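2 protein chains.
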Amino acid sequence: MKYGARISYAGTAYSGWQRQACGVGVQQRVEESLESIFGHRIVVTAAGRTDAGVHARGQVISFDLPGEWHPERLLLAVNSYLPRDIRIMKAARMPEDFDARRSAHWREYRYLIWHGNALSPFFADRAWWDKFSWDMAEVRKACALYEGTHDFRAFCKTAECPADSVRTVLRASLRSRKNVTLFTVRGKSFLTNMVRIMIGNLQAVGRGKTDAGEIAALLRGGERRQSFVTAPPEGLYFWRAGYGDGYPRI
Amino acid sequence: MKYGARISYAGTAYSGWQRQACGVGVQQRVEESLESIFGHRIVVTAAGRTDAGVHARGQVISFDLPGEWHPERLLLAVNSYLPRDIRIMKAARMPEDFDARRSAHWREYRYLIWHGNALSPFFADRAWWDKFSWDMAEVRKACALYEGTHDFRAFCKTAECPADSVRTVLRASLRSRKNVTLFTVRGKSFLTNMVRIMIGNLQAVGRGKTDAGEIAALLRGGERRQSFVTAPPEGLYFWRAGYGDGYPRI
Numbered sequence: 001m002k003y004g005a006r007i008s009y010a011g012t013a014y015s016g017w018q019r020q021a022c023g024v025g026v027q028q029r030v031e032e033s034l035e036s037i038f039g040h041r042i043v044v045t046a047a048g049r050t051d052a053g054v055h056a057r058g059q060v061i062s063f064d065l066p067g068e069w070h071p072e073r074l075l076l077a078v079n080s081y082l083p084r085d086i087r088i089m090k091a092a093r094m095p096e097d098f099d100a101r102r103s104a105h106w107r108e109y110r111y112l113i114w115h116g117n118a119l120s121p122f123f124a125d126r127a128w129w130d131k132f133s134w135d136m137a138e139v140r141k142a143c144a145l146y147e148g149t150h151d152f153r154a155f156c157k158t159a160e161c162p163a164d165s166v167r168t169v170l171r172a173s174l175r176s177r178k179n180v181t182l183f184t185v186r187g188k189s190f191l192t193n194m195v196r197i198m199i200g201n202l203q204a205v206g207r208g209k210t211d212a213g214e215i216a217a218l219l220r221g222g223e224r225r226q227s228f229v230t231a232p233p234e235g236l237y238f239w240r241a242g243y244g245d246g247y248p249r250i
Numbered sequence: 251m252k253y254g255a256r257i258s259y260a261g262t263a264y265s266g267w268q269r270q271a272c273g274v275g276v277q278q279r280v281e282e283s284l285e286s287i288f289g290h291r292i293v294v295t296a297a298g299r300t301d302a303g304v305h306a307r308g309q310v311i312s313f314d315l316p317g318e319w320h321p322e323r324l325l326l327a328v329n330s331y332l333p334r335d336i337r338i339m340k341a342a343r344m345p346e347d348f349d350a351r352r353s354a355h356w357r358e359y360r361y362l363i364w365h366g367n368a369l370s371p372f373f374a375d376r377a378w379w380d381k382f383s384w385d386m387a388e389v390r391k392a393c394a395l396y397e398g399t400h401d402f403r404a405f406c407k408t409a410e411c412p413a414d415s416v417r418t419v420l421r422a423s424l425r426s427r428k429n430v431t432l433f434t435v436r437g438k439s440f441l442t443n444m445v446r447i448m449i450g451n452l453q454a455v456g457r458g459k460t461d462a463g464e465i466a467a468l469l470r471g472g473e474r475r476q477s478f479v480t481a482p483p484e485g486l487y488f489w490r491a492g493y494g495d496g497y498p499r500i
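As you go down the protein sequences, you meet chains R and P in turn. At position 162 of the first sequence (counting the first as 1) the number is 162 in my numbering, and the numbers step up by one without a gap. Here my numbering = 1-based position in the second sequence + 250.
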């Protein structure tokens with residue numbers, strides 16, 4: 001029987017979502033917990049892969065169970081085996097055709113930046129620390145350009161760039177308050193490191209190394225070497241995924 | 251020359267603010283960092299002591315330095331010696347009569363509660379996890395009763411209760427949203443464990459074990475044994491302290 005769950009994890013201790021030859025992926029911990037309960041391996045599919053050190057607030061997973069379970073009992077059982085930096089926040093019985101990855105209409109990521117002379121202890125490993133404040137008016141202009149369908153070749157890890165690097169960003173927005181800048185981006189799918197490179201370029205704009213006009217040029221099929229740094233993983237959160245009305249909300 | 255600083259710390263790894271015979275206090279780490287820079291012990295005074303496991307967002311400290319330092323350079327120097335769960339967030343030259351403890355007009359604490367079946371990994375060690383949701387209407391009524399001058403004997407650790415247990419709460423308020431309840435309390439001074447016992451009693455109200463009327467009775471000089479549990483330290487934050495207009499804002 002098909003189940004779905006929303007899970008949160010702090011990615012600091014993990015090599016990313018996926019099972020790894022080297023290091024531990026979050027997926028492995030979740031599958032081990034299910035195996036402890038059911039006695040055999042249960043493969044888990046996620047809405048989106050996350051890199052080493054990247055967090056998730058609302059990752060969605062799907063898996064098949066050999067029998068029927070009350071969702072709340074399932075949640076408590078799995079959480080009792082998981083380390084506390086990984087938590088099932090909600091579980092639900094799903095239609096048999098539900099697949100956390102293939103059924104997703106969109107994925108939303110958020111990226112958190114902490115500005116200022118000192119990084120708050122409560123944001124250590126949870127945000128990107130940039131000592132400098134940004135020219136937010138120009139950053140907002142650049143951010144708005146990300147929305148829409150563009151060739152994001154300049155925003156993809158070179159070695160993993162597919163032939164077709166055109167992607168559609170459904171939403172790109174910024175909120176800024178005191179020391180914190182929060183970037184939200186939503187899209188059907190993303191290229192490798194795309195969100196982190198989008199942020200690296202916003203930093204370059206914010207610090208005056210480039211401007212919104214240059215970002216517009218990059219979005220017309222620029223190359224990776226013409227754009228700026230890949231922002232570090234610790235500021236990135238897989239926030240949520242959207243599914244059609246045919247599925248219960250997780 | 252007198253200096254003041256605002257410091258943040260995650261209290262999880264510490265035995266509290268004060269230097270301890272057993273375990274490490276945050277004060278010790280701060281004094282060690284100053285000693286590494288200046289070559290002799292510099293005693294640091296804090297606006298409020300915090301217990302083991304209690305956090306601070308805006309603890310205020312004062313200390314004397316042998317010479318003049320640019321506040322920003324001082325901040326960077328001290329932070330370079332501190333572990334990253336303790337951070338000086340701001341430093342300032344202060345008038346010679348400034349004393350972080352004696353000059354404070356009020357202290358503000360906040361307490362964070364996480365409700366629900368599973369504790370978010372991002373709130374582990376940072377909030378009190380209560381599986382049950384609370385009857386917030388009744389909790390708000392009880393919370394409002396805390397404001398004003400009362401005999402808080404029923405809200406003080408018995409072994410450390412002074413003869414005069416009358417205290418004035420300047421402000422007590424609650425905010426609640428989704429899984430999170432945030433309690434804010436401000437007062438000139440507090441009894442030992444007072445904020446944590448206030449929260450323990452609100453939980454009892456929220457779960458229907460008692461009601462606002464009983465809290466009103468406790469505030470007319472009840473005994474500790476008549477009131478409820480001491481909430482755990484991990485939800486408590488020393489949020490800030492208020493000083494007169496004669497001092498620069500830290």
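Please keep in mind that the hints were generated in silico from the structure rather than gathered at the bench. Quick caveat, the model's predicted, so the values are computed rather than measured. Careful, some of the hints might be misleading.
Restraint-style ranges between C-beta atoms, simulated for each label pair [stated by the list, open to error]:
(1) R:E72 <-> P:D314: 56 to 66 Å
(2) R:D97 <-> P:R299: 55 to 65 Å
(3) P:V293 <-> R:Q20: 42 to 52 Å
(4) P:I287 <-> R:L170: 33 to 43 Å
(5) P:L315 <-> R:A13: 49 to 59 Å
(6) P:N367 <-> R:H40: 20 to 30 Å
(7) P:G289 <-> R:G148: 58 to 68 Å
(8) P:P345 <-> R:G148: 51 to 61 Å
(9) P:D314 <-> R:G148: 35 to 45 Å
Sample of chain R residues lacking proximity to chain P, with all beta carbon distances greater than 12 Å (derived) [stated by the list, open to error]:
(10) S8
(11) S15
(12) A56
(13) P71
(14) L75
(15) L76
(16) P121
(17) K131
(18) M136
(19) V166
(20) S173
(21) N179
(22) S189
(23) G221
Glycine included, each C-beta is placed from N, C-alpha and C at the ideal position.
Tested hints:
no.: 1; hint: R:E72 <-> P:D314: 56 to 66 Å; verdict: 57 Å, holds
no.: 2; hint: R:D97 <-> P:R299: 55 to 65 Å; verdict: 59 Å, holds
no.: 3; hint: P:V293 <-> R:Q20: 42 to 52 Å; verdict: 49 Å, holds
no.: 4; hint: P:I287 <-> R:L170: 33 to 43 Å; verdict: 51 Å, violated
no.: 5; hint: P:L315 <-> R:A13: 49 to 59 Å; verdict: 39 Å, violated
no.: 6; hint: P:N367 <-> R:H40: 20 to 30 Å; verdict: 26 Å, holds
no.: 7; hint: P:G289 <-> R:G148: 58 to 68 Å; verdict: 60 Å, holds
no.: 8; hint: P:P345 <-> R:G148: 51 to 61 Å; verdict: 56 Å, holds
no.: 9; hint: P:D314 <-> R:G148: 35 to 45 Å; verdict: 59 Å, violated
no.: 10; hint: S8; verdict: 5 Å, violated
no.: 11; hint: S15; verdict: 17 Å, holds
no.: 12; hint: A56; verdict: 9 Å, violated
no.: 13; hint: P71; verdict: 10 Å, violated
no.: 14; hint: L75; verdict: 6 Å, violated
no.: 15; hint: L76; verdict: 7 Å, violated
no.: 16; hint: P121; verdict: 4 Å, violated
no.: 17; hint: K131; verdict: 10 Å, violated
no.: 18; hint: M136; verdict: 21 Å, holds
no.: 19; hint: V166; verdict: 34 Å, holds
no.: 20; hint: S173; verdict: 21 Å, holds
no.: 21; hint: N179; verdict: 9 Å, violated
no.: 22; hint: S189; verdict: 26 Å, holds
no.: 23; hint: G221; verdict: 38 Å, holds
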